[in-house]
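2 protein chains.
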Amino acid sequence: DDAPQALVEGAYDYARKHKDHEIILVGIETDIRRILGRFDHKPKNISIEHASEVIGMGEKMDALKEKPNDSMNVCSKLVKVGKADAMVLCGNTGCSVAAAQLHLRRIPGVKRAGILTPLPNTNGLTWVCDCGANAVGKPEHLAQFAQMSSIFVKHYADNPAPRTGVLSIGSEDSKGDELTKETLALLKNIDLNLVGNIEGNHIFDDSVDVVVCDGFTGNVVLKATEGVAKLISGILKEELHGSPLTLLGGLFAKKAFKRLRERTHWSLVGGCLLLGVDGITIIGHGRSDRVAVASAMKQAARCIETNIMDHLRKEFAGLS
Amino acid sequence: DDAPQALVEGAYDYARKHKDHEIILVGIETDIRRILGRFDHKPKNISIEHASEVIGMGEKMDALKEKPNDSMNVCSKLVKVGKADAMVLCGNTGCSVAAAQLHLRRIPGVKRAGILTPLPNTNGLTWVCDCGANAVGKPEHLAQFAQMSSIFVKHYADNPAPRTGVLSIGSEDSKGDELTKETLALLKNIDLNLVGNIEGNHIFDDSVDVVVCDGFTGNVVLKATEGVAKLISGILKEELHGSPLTLLGGLFAKKAFKRLRERTHWSLVGGCLLLGVDGITIIGHGRSDRVAVASAMKQAARCIETNIMDHLRKEFAGLS
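Same order as they appear, the protein sequences are chains B and G.
Under the numbering used here, the first residue of the first sequence is numbered -5, with each subsequent residue one higher.
Under the numbering used here, the first residue of the second sequence is numbered -5, with each subsequent residue one higher.
Isolated chain B, as found in the complex:
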């Protein structure tokens, strides 16, 4: 929503902190130069790749073909030809998902790409897939999401045996709809650390490391989670302003609120991996601010450092 300013500023912050990383900003060159020009310091590790067209937030998938020089197209091609090791896209989610798959294709054997989102739990992060790359899901797609997410978390989060669950409406195997029941049946025949069915609250209580669901449910949960967190912080702020004593208390407790934000706010995670695409693709939040952009870039760098794509290609090929 705040492009290109938030993106350029976030990339600038990232570039200054990670001098050995090369950052390519893809977009309308004059706009990028104007924003970069406001900073006194000029990081040497930022370069610009001009993309003359722009696909807006409300546009349909067709726009990708109608505007071949949009930044999502140009960015994907840079990854395709190896000029970039990873990309962060912060625009129209539908077009981002489509552009990545159009240019980078999927990992051999993968039937659908899924958005893998880290959500906070009491002890770290729970990874949920799919959070909206697809509006509907099939059992074989969810089973692949479980396999890929498990490989991802193993390497990215250094977790040798990620606990994996199917998001349902009861923990017994018989609970849920056809999709969850068939997914669970498929997963029982796969080498996974399978917990079984889990319920919505278990995403947040460290019962599991990986959760699979259809893209509709995942997207609703993701948005609802943001909504609840925003509601709670809004009410808390309002109530702290209710009296001088509570306001003083709020000031004294400032550090605790800051830590809470650090442990739960989406901008500190920044983005979601588009899992299954044959190239590191981080889908940033449409409302990404400067902090979120830098966080999403950190996620991309971690994917590069942990050789995520090699692991996914190799281990997924071995499974299917």
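Read the hints as simulated data drawn from the structure, not as lab findings.
Do not take every clue at face value.
It does not matter which identical chain is used: a pair holds within one copy or between any two.
What the hints assert, rightly or not - Below, a list of computed lysine-lysine pairs in the DSSO-like style, where the Cα atoms sit at most 30 Å apart:
hint: 1; residue 1: Lys74; residue 2: Lys36
hint: 2; residue 1: Lys169; residue 2: Lys59
hint: 3; residue 1: Lys77; residue 2: Lys292
hint: 4; residue 1: Lys36; residue 2: Lys175
hint: 5; residue 1: Lys71; residue 2: Lys105
Following the hints, put chain G in place on chain B, whose structure we already have.
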């Protein structure tokens, strides 16, 4: 989970506060008497109806026929014959939903009953239906949930034109799956204050008063909401204990935290209406504590006072 103690204690609290309401406790008489015996005061407005059998939380629907003297069966029959004006069930949700429909049937013309749950928003409550009475949904069921919820909110919450939305993964009409698209198309031909598609976060930001979705999605959202709220309050408590200063701040701000809890905690709402059944049925939380039980009873009383069943029967018949 804490039955029968939490139920008897909650009913006791309620009875003392509402001396003109008659409360019938349905369950194993000796157990109820033992718990009531611990109180010095004996409210005159509490009576006991013995139910000799008990259906556990893990049991299947068949149990309803196998145990005709379970409290859910006995309670439903009391409402059926008019000995009670409303009932609150805090056990096995699947069996509660089935028992109510088995004995009370549905309002003429209603195809499915749905669980209508109030969730907090920035300015009051958003009512979400279905939160898990059915594992799957059909467009005509969701359309009826929208109609019934709108009638309910009009009278219960004194809101002349409840804003009604379809839970989806984007606000444009084209976003979502077949179910949401067909539901939206049906709702456009119905006399409703229709907002259109809404996303998960809009449940909590006062964009709508009524949200319809399939029971799977609604249940996942409900549980996820509880999970996020619990996570945030747990982290906040932990971080407030992080230093003497934050701890002091927490003490000073105590009232703000109390108010936050009052505005967001499920136990202050207590239960969900089983919408569409021909008799007031409140489904309490399986983890209901004493406060939640009393709150659920308050909800039941409000339904009686606002003549919800008459309005639903009359206005729904007029619509279909």
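Checked hints:
no. : hint           : result
1   : Lys74 - Lys36  : within (28 Å within a copy, 78 Å between copies)
2   : Lys169 - Lys59 : between (43 Å within a copy, 21 Å between copies)
3   : Lys77 - Lys292 : within (18 Å within a copy, 65 Å between copies)
4   : Lys36 - Lys175 : neither (55 Å within a copy, 50 Å between copies)
5   : Lys71 - Lys105 : within (22 Å within a copy, 52 Å between copies)
Hint 4 alone, counting from the list given before, is not met by this structure.
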